[in-house]
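2 protein chains.
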Amino acid sequence: MAELSRTTSVPVATIKYYLREGLLPAGRPVAATQAEYDDGHVQRLRLVRALLVVGGLSVAAARAVVASLDAAPTDVAAALGAAHDALPPAVPPAEDAGPVRALAAIEALGWDVEPDSTGVRQLDAALAGVDAAGLPIGTERLAVYGAAALDMAELDVGGMPTTSPTAAVHHAVVGTVMYEPVILALRRVAQQHVFRRLGSR
Amino acid sequence: MAELSRTTSVPVATIKYYLREGLLPAGRPVAATQAEYDDGHVQRLRLVRALLVVGGLSVAAARAVVASLDAAPTDVAAALGAAHDALPPAVPPAEDAGPVRALAAIEALGWDVEPDSTGVRQLDAALAGVDAAGLPIGTERLAVYGAAALDMAELDVGGMPTTSPTAAVHHAVVGTVMYEPVILALRRVAQQHVFRRLGSR
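Protein chains in written order, with the working numbering: chain B, 300 to 500; chain W, 300 to 500.
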């Protein structure tokens with residue numbers, strides 16, 4: 300465990316806490332006070348750390364993500380769905396009418412998706428929110444944001460391993476949750492850049 | 300207050316809570332048990348509701364955003380900075396070395412920004428997070444995400460009112476916090492679309 304701690308720069312006390320919380324599988328016992336940890340432990344520990352510290356997930360949410368990895372899904376499409384399911388924000392089941400706002404937006408964008416998926420429900424909830432605030436997403440904004448999202452997704456999915464479902468889920472979880480803060484920060488910095496450019500004209 | 304509640308569909312008890320928490324200014328008293336609320340109250344109430352319910356801000360964070368609106372900044376550039384300052388995620392001051400990761404990324408993108416701003420510190424923290432998780436943003440990913448962020452920012456800033464600083468801050472706050480969940484949801488749905496397209500080949 301001391302070696303695992305050195306390799307990952309995660310304190311031993313933190314590793315023990317993750318073990319207790321079921322976020323990290325136990326090592327293989329080799330002596331009364333020693334256990335062996337392998338490369339899988341190093342990767343899992345980095346992931347858990349990232350989910351909690353960078354992603355800001357609760358322990359319960361991180362446990363659900365880790366469970367989706369351990370469930371060893373049978374195909375990669377299911378893996379991507381499971382990853383999105385496990386990540387926040389938690390989205391309540393769609394209303395009786397179904398995710399009508401999201402489906403209209405997706406049709407306008409010409410995308411082919413599973414209508415009854417967590418991603419679609421998340422989009423529907425986000426669109427309902429801006430509608431309620433009196434700031435509905437117009438045609439132009441949907442087109443611009445949609446094109447930007449598609450460019451990012453092409454890169455995200457292009458790099459996804461398609462051989463092993465477990466590797467694909469790991470990639471999807473990590474890529475989704477870890478890069479989101481980067482994307483939002485880039486947009487804020489870009490706003491500043493565009494604003495300064497306008498001001499200096 | 301009953302009329303304000305009807306207009307905004309926010310329950311009277313909730314309005315009273317916002318008044319107590321300093322999120323909404325008091326109405327103009329016109330009788331012992333009556334006060335007058337104007338259009339400004341309706342807009343402010345919609346904003347507060349959006350920040351708390353859609354943006355998921357804490358009451359304290361929403362109060363800081365509202366304060367940045369009431370501070371009536373003297374110019375629009377300062378207004379944009381104040382808006383970003385007030386919004387989560389809260390970012391600790393940069394380390395002694397300064398936000399070196401963010402500044403390197405911004406130079407690679409060719410953007411012109413204020414190096415000592417909240418947006419830059421947010422970007423630096425996000426980049427430090429993915430580095431720590433062993434998933435640094437490479438040149439290609441930075442270029443793709445940066446271009447997507449710039450496209451969105453052009454639209455965001457293009458629609459920003461430049462006449463009144465207060466209107467600009469309002470626009471920046473609302474646009475930043477409200478559209479972020481939409482952008483993240485669109486990316487997840489786009490991933491699914493790209494993935495299905497690849498799978499059907």
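Errors might be hidden in some of the hints.
Remember, identical chains collapse to one label, so a pair may be satisfied in a single copy or spanning two.
[Said to hold, decoys possible] Below, computed lysine to any residue pairings styled on SDA-like, alpha-carbon distance capped at 25 Å: (1) K315 with R362; (2) K315 with D411; (3) K315 with M459; (4) K315 with G433; (5) K315 with D430; (6) K315 with A431; (7) K315 with A432; (8) K315 with R495; (9) K315 with A442.
It is worth saying that the hints were derived from the structure and are not from the lab.
Hints and how they fare:
In this homomeric assembly, K315 and R362 come within 25 Å of each other (Cα to Cα) only inside a single copy, at 15 Å, whereas the closest approach across copies is 38 Å. Within a single copy, K315 and D411 get their C-alpha atoms no closer than 44 Å, and across copies no closer than 45 Å, so neither meets the 25 Å cut-off. Taking the shortest alpha-carbon separations for K315 and M459, neither the intra-copy value of 31 Å nor the inter-copy value of 50 Å comes in at or below 25 Å. Only between protomers do K315 and G433 lie at most 25 Å apart by alpha-carbon distance; the minimum there is 22 Å, versus 48 Å within a single protomer.
Proximity of K315 and D430 under a CA criterion of 25 Å is satisfied inter-copy only: 24 Å between copies versus 45 Å inside one chain copy. Proximity of K315 and A431 under a CA criterion of 25 Å is satisfied inter-copy only: 20 Å between copies versus 45 Å inside one chain copy. In this assembly of identical chains, the alpha carbons of K315 and A432 lie at most 25 Å apart only when taken from different copies (19 Å versus 45 Å within one copy). In the homo-oligomer, the alpha carbons of K315 and R495 never lie at most 25 Å apart, since the shortest distance is 49 Å inside one protomer and 40 Å across protomers.
In this assembly of identical chains, K315 and A442 lie within 25 Å of each other by CA distance neither inside one copy nor across copies; the values are 48 Å within and 39 Å between.
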